[in-house]
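Engineer: Protein chains in written order, with my numbering: chain W, 1 to 142; chain P, 1 to 142.
If you're looking for bench data, these hints aren't it; they were derived computationally from the structure. Keep in mind the model is a prediction, meaning the values are calculated, not measured. Do not rely on the hints blindly, as some may be mistaken.
Just so you know, same-sequence chains aren't split out, so a pair can sit in one copy or run between any two.
In silico BS3-like pairs for lysine-lysine, Cα to Cα no more than 30 Å straight-line [stated by the list, open to error]:
| hint | residue 1 | residue 2 |
| --- | --- | --- |
| 1 | Lys60 | Lys79 |
| 2 | Lys135 | Lys84 |
| 3 | Lys75 | Lys60 |
| 4 | Lys138 | Lys79 |
| 5 | Lys135 | Lys75 |
| 6 | Lys136 | Lys79 |
| 7 | Lys138 | Lys75 |
2 protein chains.
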Amino acid sequence: MSQSTDGEAGFSLDPRLAADCLFVTDLMLSRVLLMNDSRYPWLILVPRRPNISEIHHLSKDDQALLLSEISQTSKYLEKEYAPKKINIGALGNIVAQLHVHIVARHEGDAAWPGPVWGHSEALPYDGENATEMVKKIKAEIS
Amino acid sequence: MSQSTDGEAGFSLDPRLAADCLFVTDLMLSRVLLMNDSRYPWLILVPRRPNISEIHHLSKDDQALLLSEISQTSKYLEKEYAPKKINIGALGNIVAQLHVHIVARHEGDAAWPGPVWGHSEALPYDGENATEMVKKIKAEIS
Numbered sequence: 001m002s003q004s005t006d007g008e009a010g011f012s013l014d015p016r017l018a019a020d021c022l023f024v025t026d027l028m029l030s031r032v033l034l035m036n037d038s039r040y041p042w043l044i045l046v047p048r049r050p051n052i053s054e055i056h057h058l059s060k061d062d063q064a065l066l067l068s069e070i071s072q073t074s075k076y077l078e079k080e081y082a083p084k085k086i087n088i089g090a091l092g093n094i095v096a097q098l099h100v101h102i103v104a105r106h107e108g109d110a111a112w113p114g115p116v117w118g119h120s121e122a123l124p125y126d127g128e129n130a131t132e133m134v135k136k137i138k139a140e141i142s
Numbered sequence: 001m002s003q004s005t006d007g008e009a010g011f012s013l014d015p016r017l018a019a020d021c022l023f024v025t026d027l028m029l030s031r032v033l034l035m036n037d038s039r040y041p042w043l044i045l046v047p048r049r050p051n052i053s054e055i056h057h058l059s060k061d062d063q064a065l066l067l068s069e070i071s072q073t074s075k076y077l078e079k080e081y082a083p084k085k086i087n088i089g090a091l092g093n094i095v096a097q098l099h100v101h102i103v104a105r106h107e108g109d110a111a112w113p114g115p116v117w118g119h120s121e122a123l124p125y126d127g128e129n130a131t132e133m134v135k136k137i138k139a140e141i142s
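Just chain W, same shape as in the assembly (with noise of 0.2 Å):
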């Protein structure tokens, strides 16, 4: 994935989520990136700013930033996938760095009912969809 550095703020995204996702978009605060597992439609949000873990260490208008990414990237999923619901955890248990996953989850598919985090190993889009899906994304989101 290119855009793994945004010098000037001093954010560096970390190379696992690097290597697990393709780079969609950069909103206002968040960089989007498009978990590359076929099996769920998984937005994932970096906010960038550097050295951050915890959403509450975050300033408060980077908050509620955040919050509001969330919300648009919630209503861009449940439009395009009308899922049972929408998942979101900010976890980091392995990659520290603050991420925010967004999932669009069906009755029925390979982790359901319970979370897709640790659950299997992803099953990567082909790259023409993965192509197309991202464009199709950030044209939607941004």
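Fit chain P to the known structure of chain W by using the hints.
Structural biologist: This is chain P only, laid out in the frame that chain W set:
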């Protein structure tokens, strides 16, 4: 658990949450519950609004309140338990009523580094410990 309904606002706590948790207190927006699993300091915020299953379905004002209560709860857990990570999750695949998990995680805890959700059966508090803990959380978080 008592206080499972809040008649004036049309809010009624999902019976599964009521069965699995201990009532702590009501903040401005959310009912605070302690998950009855002594293996993790694990609080749950349930916005006292009827028929809401997703964060982005709350009004903007309620979203801001929820964020503030998530931060407040996270800060309490951080101060009290010095966790390695706070895990925040809004899943709802089983209990659709909007509820936000805030869990203090430590290296080597039962589910580490995986998610606590769906991991294994809870290990309930003994009654006296739970009463003490609920009293303390209520005093510090309100």
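Engineer: Each hint should be assessed against the structure and marked as holding or not.
Structural biologist: How the hints compare with the structure:
Taking the shortest Cα distances, lysine 60 and lysine 79 sit within 30 Å of each other both inside one copy (29 Å) and across copies (19 Å). Taking the shortest alpha-carbon separations for lysine 135 and lysine 84, only the intra-copy value of 24 Å comes in at or below 30 Å, while the best inter-copy value is 37 Å. Taking the shortest alpha-carbon separations for lysine 75 and lysine 60, both the intra-copy value of 23 Å and the inter-copy value of 14 Å come in at or below 30 Å. For a Cα distance limit of 30 Å, the shortest separation of lysine 138 from lysine 79 inside one copy, 15 Å, qualifies, whereas the shortest one across copies, 39 Å, does not.
Taking the closest pair of Cα atoms, lysine 135 and lysine 75 come within 30 Å of each other only inside a single copy of the chain (17 Å); across copies the shortest separation is 38 Å, beyond that limit. Taking the closest pair of Cα atoms, lysine 136 and lysine 79 come within 30 Å of each other only inside a single copy of the chain (13 Å); across copies the shortest separation is 43 Å, beyond that limit. In the homo-oligomer, the alpha carbons of lysine 138 and lysine 75 lie at most 30 Å apart inside one protomer (14 Å), although the nearest pairing across protomers, at 34 Å, exceeds that limit.
Of the hints listed earlier, there is not a single one the structure fails to meet.
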